[in-house]
Amino acid sequence: MKRILVACGNGIATSTVVATKIREKCEENGIAVTVTQCKLLEVNAKADNFDLLVTTGKFTGGNVNIPVVGAISLLTGIGEEETLDQILDYVR
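Everything in the sequence shown is counted per our numbering, starting at 58 for the first residue and increasing by one.
Errors might be hidden in some of the hints.
Computed spacing ranges between beta-carbons, pair by pair [stated by the list, open to error]: (1) Glu84 with Asn120: 26 to 36 Å; (2) Thr91 with Asn122: 17 to 27 Å; (3) Glu85 with Thr117: 30 to 40 Å; (4) Glu85 with Gly119: 25 to 35 Å; (5) Gly114 with Tyr147: 12 to 22 Å; (6) Gly134 with Gly66: 16 to 26 Å.
Hints were generated in silico from the structure; no laboratory data involved. Note that this is a predicted model, so its numbers are computed, not measured. For glycine and all other residues, C-beta sits at the position ideal for the given N, C-alpha and C.
Please construct the entire structure, taking both the sequences and the accompanying hints into account.
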């Protein structure tokens, strides 16, 4: 099972929307994932325990050694399917 970390400014509102869309898309495609939400400020401390980082805010990279996907499109709807497909490619 792949582990996805979803980070936004406060780890609550926008990450909840994004996490829900990721869970639904993975379920539709038969991919088992766990999705955890956090604040952008917590990413460096938590990322080592995950396979993929999905962010809704500006993330400068820090010391993260996992793939990072920017997911503003999952909030705006513009390019949403492409972003979800990119996430699926990482977790397959």
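Evaluated hints:
Look at Glu84 against Asn120: about 31 Å separates their beta carbons, and that is inside 26 to 36 Å. Here the CB-CB span from Thr91 to Asn122 is close to 19 Å, well matched to the stated 17 to 27 Å. For Glu85 paired with Thr117, a C-beta distance near 32 Å keeps the hint of 30 to 40 Å intact. Separated by about 31 Å at the C-beta atoms, Glu85 and Gly119 satisfy the suggested range of 25 to 35 Å.
Distance hint check for Gly114 and Tyr147: the Cβ-Cβ separation is about 19 Å, which falls inside the suggested range of 12 to 22 Å. For the pair Gly134 and Gly66, the beta carbons lie near 20 Å from each other, so the given range of 16 to 26 Å is met.
When held up to the earlier numbered hints, the structure conflicts with none and fits them all.
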